Amino acid sequence: MAELLRFRDDEPVDHPAVTVDAFGGQANAAAVRVEPGDDARALIPHLAHIRLVEVNFPAFTDGRGYSAARILREAGYTGELRAVGDVLVDQLAFMRRCGFDAFEPDQPFDDGEVRAAMSRFPHAYQPAAAGAQPIWVLRHPPANG
Amino acid sequence: MYAYDQYDQAMVDARVAEFRDQVARRLDGRLSEDQFKPLRLMNGLYLQLHAYMLRVAIPYGTLNARQMRALADIAEQYDRGYGHFTTRQNIQYNWIKLADAPDILADLARVEMHAIQTSGNCIRNISADHLAGAAADEVCDPRPYAELLRQWSSFHPEFSALPRKFKIAVIASEADRAAMRLHDIGIRMVEREGTLGAQFYVGGGMGRTPMIAPLIRDFVPVDQFITYAEACLRVYNRHGRRDNKYKARIKILVHELGADEYRRQVEEEFAHLLTLGIEPPRAELERIKAHFGPPIHAELPPLTAQAGPSDPAAFAEWRAANVLPHKLPGHVAAVISLKPIGGIPGDATAEQMRVIADCAALYSADECRVMHTQNILLPHVREADLPALYARLADAGLATANLDQVGDIIACPGLDYCSLANARSIPVAQKISQRFAASGKGAALGELKLKISGCINACGHHHAGHIGILGVDRKGTENYQLLLGGSEAEDAALGKITGPGFDEDGIVDAVETVADLYLARREAGERFLDTYRRLGMEPFKEALYG
Amino acid sequence: MKLLTGNDLRTGAVIWWTGSNWSPHVAEAADIGSAGEEIAAREEAARRVVAPYLIDGERGPDGSVRPGHIKDRIRALGPTVRPDLTLKPADPAAGNWVI
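Protein chains in written order, with the working numbering: chain A, 1 to 145; chain B, 1 to 546; chain C, 1 to 99.
The set of hints was computed from the structure by calculation and includes no laboratory data. Each hint should be verified, as a subset may be incorrect.
The calculated DMTMM-like cross-link candidates involving lysine to aspartate or glutamate, where the alpha carbons are at most 20 Å apart (straight line), are [stated by the list, open to error]:
(1) B/K441 x B/E523
(2) B/K475 x C/E38
(3) B/K247 x A/D86
(4) B/K37 x A/E35
(5) B/K37 x A/E113
(6) B/K97 x B/D73
(7) C/K88 x C/E44
(8) B/K247 x B/E261
(9) B/K97 x C/E44
(10) B/K475 x C/E58
(11) B/K37 x C/E43
(12) B/K165 x A/D62
(13) B/K441 x B/D505
(14) C/K88 x C/D62
(15) B/K97 x C/E38
(16) C/K2 x C/E38
(17) B/K431 x B/D404
(18) B/K496 x B/E542
(19) B/K37 x B/D100
(20) B/K37 x C/E44
(21) B/K37 x C/D8
(22) B/K97 x B/D28
(23) B/K289 x B/D137
(24) B/K37 x A/D106
(25) B/K247 x B/D223
(26) B/K165 x B/D100
(27) B/K97 x B/D34
(28) B/K245 x A/E113
(29) B/K37 x A/D62
A partial selection of chain B residues facing chain A, derived with a Cβ cut-off under 8 Å [claimed, not checked]:
(30) D21
(31) A24
(32) L41
(33) Q151
(34) P280
(35) A283
(36) E542
Here chain B is said to cover these stretches of chain A; the calculated rule only asks that three of the stretch's residues, wherever they fall, bring their Cβ under 8 Å from a Cβ of chain B [said to hold, decoys possible]:
(37) 7–20
(38) 45–55
(39) 117–127
(40) 134–140
None of these values were measured; they are calculated from a predicted model. Yeah, the Cβ is synthetic: ideal placement off N, Cα and C, and Gly gets one too.
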């Protein structure tokens, strides 16, 4: 059982995350917490010194955090992006593809279920934040390979 | 039609394995029902009034004979020998066991089918004009664009927990045969100065707050098609309402922001997304297009082609009613009615599915289409084969001649099957069908689209019926409201309620009353809808309530 | 009277609480009084039922159990438009019971 599942090698940030609103006033904080209704784009000017963004999922059915994650990765954010709250193992693969690289679920994941979820889908139809090439690239590899 | 390659197959196979694991975890208690429900819904599995119901995706309604036979086999092996074709061009089975569901998905995967995203708060099966590839009025075949959208929307990581369900339809002609503007996104392929692009209508829908989608962009170049769709969805995922399930569809967002503000936000997101290279390359569109070539017919034994119908008058009637023109000379499209007199709209037995499969293989270049009107279309029939086709259909009870007539009723499953329903729909459809068959007025009434929903969610499209019927619960008894003047076609309009509702027999009488008024007052060439639009509601109210 | 109903988790079949077990026949349903929520929670946790809920019922003149709302009467019988698939396929008038 893992209470914090990380797909990163660096040291986790150890001080508490501030809210997006509070962050505006103390831009030297290195950890910030994004709630579903927050505009992730408000963080873009400060990404260079942010090391941890926690995206909260009060309910696993609220998918706004997926867009927040992609927006931050699209803006070049390379720090830790952690999904916290009501995060379920069956969402892990999608969350990884949206750019999350750490998970702090309310109910700890089972290690076997994590391995199964991460190895389930061999491909993806869409390009997204986390690496793998979409199926249409595999079908039409660039001429210079 | 489209055929899976190794990648498509691998994705669907992986989904079967994933769902098998999820079902096992539900049955052994590792998943609670609250956790499992969204997962089963993403695989089309509902808990309905009597049992689990499985909705199988039929992308843009297209099936080959092998797939239709597999659907028949599933009906027999896992269900009770029949299935129900829906207004979203899918099929539903009503008596599924949870423990069987993974095996059914595996059987579907063997014929390149699945139930992925046929329910849940995600992008649903993509629907399209049932005459795609056959219609003379299309600027292009819309199916390659529907297939592009199918792949883009399948397992989309960002849009798997939307505020609410999301339905997309694609057409490619001025005529709208797919209720395009009553979808969350309706797309019409258009040609401007020799260049192909897409109009995006966003924010239509039925349900308790019906809306006709406004035009959000008049021309999206085809090589930015997916990127624009992604922008539309991202704005919705971020800003669609999540505080109230009944206000969570994109139509409410577009309505509350206003079309101009929604458009502005989409354009801003679109400009950003264009820099990311998320659009599949032109070569991918060309690869998909190559699957949608002109029809290639089976070689028929000479005697089959010459066999004639035993009842020439009935054949002539069917041909006049159910056969549509085709863009290729010598070809037609033929509609197999799933609306026999007094029957259950959209239901087909396994045996009938096999007859449809045989007819598709023999007479329609191995292809059939589920229509949103809950009938089956054979898109590519040689005119010379019509008598033989008719004979085969008539033997199986599939040759009712009533396309778009009063007997060709759309009806949701209603309270006979659905746990959301407030009143039964099917018995009302059956009585109306029988009433007009007995009086012989069906053909005289001409085009008259009658649509029945058993609750305000409007799966039976009652808002868009020339005549619509909405079943409600009035103090524990079934009651039916009558609506007039709706249309799902290019002249899209929402029906208006006539007044107080009726009981089950009363609503059948009421439909006959308004039909008789039309027959008495129509002018030359007018359909029911035209006469209603000319006369307005008052004379109909007067006839109904005096 | 109060009835407890739900669906069998594995098969999805409509089931009724008899006081000691589940039955597909509403005629065997017991008046559960005020114990419904507790039994529903226990049975759901044991995965013998999914989506359990309590309804009002009544006894007809012949003593038979009748759910108070038409929706639950249709659940108890089966689809009225397919008498062959209901729990009373041999009784052509069974559909009148739901009205």
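Status of each hint after checking the structure:
For the hint pairing B/K441 with B/E523, the CA-to-CA distance comes to about 17 Å; that is within 20 Å, so the pair holds. Taken as a hint, the B/K475 and C/E38 pair is broken in the structure, with Cα atoms around 29 Å apart against an allowance of 20 Å. Pair hint B/K247 plus A/D86 does not hold up; C-alpha atoms about 23 Å apart against a cutoff of 20 Å. A distance of roughly 24 Å separates the Cα atoms of B/K37 and A/E35; the hinted pair therefore is violated under the 20 Å criterion.
Distance check on the hinted pair: B/K37 and A/E113 sit about 18 Å apart at the alpha-carbon level, within 20 Å; holds. Of the supplied pair hints, the one linking B/K97 and B/D73 holds, its CA atoms being roughly 16 Å apart against a limit of 20 Å. Proximity of C/K88 to C/E44 is assessed by CA-CA distance (about 28 Å); at most 20 Å being required, the pair is judged violated. For the proposed pair B/K247 and B/E261, the alpha carbon gap of about 18 Å is at most 20 Å, so the pair holds.
Between B/K97 and C/E44 the CA atoms are separated by roughly 17 Å; this keeps the pair inside 20 Å, and the hint holds. Restraint check for B/K475 and C/E58: satisfied, since their Cα atoms lie roughly 17 Å apart, inside the 20 Å limit. Taking the CA atoms of B/K37 and C/E43, the gap is about 18 Å. The hint holds against a cut of 20 Å. A threshold of 20 Å between alpha carbons decides the hint, and for B/K165 with A/D62 the separation of about 13 Å falls inside it, so the pair holds.
Distance restraint check for B/K441 and B/D505: the Cα-Cα separation of roughly 18 Å lies within the 20 Å cut-off, and the hinted pair is therefore satisfied. With a C-alpha separation of about 18 Å, the suggested pairing of C/K88 with C/D62 holds against the 20 Å cut-off. Annotation: proposed proximity of B/K97 to C/E38 is violated, straight-line Cα distance about 27 Å (limit 20 Å). A threshold of 20 Å between alpha carbons decides the hint, and for C/K2 with C/E38 the separation of about 13 Å falls inside it, so the pair holds.
Annotation: proposed proximity of B/K431 to B/D404 holds, straight-line Cα distance about 17 Å (limit 20 Å). At most 20 Å may separate the alpha-carbon atoms for a hinted pair to count; B/K496 and B/E542 meet this at roughly 15 Å. With a C-alpha separation of about 16 Å, the suggested pairing of B/K37 with B/D100 holds against the 20 Å cut-off. Of the supplied pair hints, the one linking B/K37 and C/E44 holds, its CA atoms being roughly 14 Å apart against a limit of 20 Å.
Between B/K37 and C/D8 the CA atoms are separated by roughly 15 Å; this keeps the pair inside 20 Å, and the hint holds. Of the pairs offered as hints, the one joining B/K97 and B/D28 holds, with about 16 Å between alpha carbons and a cut-off of 20 Å not exceeded. Between B/K289 and B/D137 the CA atoms are separated by roughly 19 Å; this keeps the pair inside 20 Å, and the hint holds. The straight-line distance between the Cα atoms of B/K37 and A/D106 is roughly 19 Å, inside the 20 Å bound, and the hint therefore holds.
About 33 Å separates the Cα atoms of B/K247 and B/D223, which puts this hinted pair outside 20 Å; it is violated. Restraint check for B/K165 and B/D100: the C-alpha separation of about 26 Å exceeds 20 Å, so the hint is violated. A C-alpha spacing of about 19 Å is found between B/K97 and B/D34, which places the hinted pair at or below 20 Å, so the restraint holds. Of the supplied pair hints, the one linking B/K245 and A/E113 is violated, its CA atoms being roughly 31 Å apart against a limit of 20 Å.
A C-alpha spacing of about 15 Å is found between B/K37 and A/D62, which places the hinted pair at or below 20 Å, so the restraint holds. The beta carbon of B/D21 comes within 7 Å of a beta carbon in chain A, closer than 8 Å, and the hint placing it at the interface holds. Taking 8 Å as the C-beta contact cut-off toward chain A, the hint placing B/A24 at the interface is violated, the least distance being around 11 Å. At about 11 Å, the closest approach between the beta carbon of B/L41 and any beta carbon in chain A exceeds 8 Å, and the interface hint on this residue is violated.
Because the closest C-beta pair between B/Q151 and chain A is about 5 Å apart, less than 8 Å, the hint holds. A least Cβ separation of about 4 Å between B/P280 and chain A falls short of the 8 Å threshold, and the interface hint therefore holds. The beta carbon of B/A283 comes within 5 Å of a beta carbon in chain A, closer than 8 Å, and the hint placing it at the interface holds. A least Cβ separation of about 49 Å between B/E542 and chain A goes past the 8 Å threshold, and the interface hint is therefore violated.
Counting residues of the stretch 7–20 of chain A whose C-beta sits closer than 8 Å to any C-beta of chain B gives 0, which falls short of three, so the coverage hint is violated. Residue count for the stretch 45–55 of chain A with a Cβ under 8 Å from a Cβ of chain B: 0. That is fewer than the three needed, and the coverage hint is violated. Counting residues of the stretch 117–127 of chain A whose C-beta sits closer than 8 Å to any C-beta of chain B gives 8, which meets the bar of three, so the coverage hint holds. Counting residues of the stretch 134–140 of chain A whose CB falls under 8 Å from any CB of chain B gives 6; the rule of at least 3 is met.
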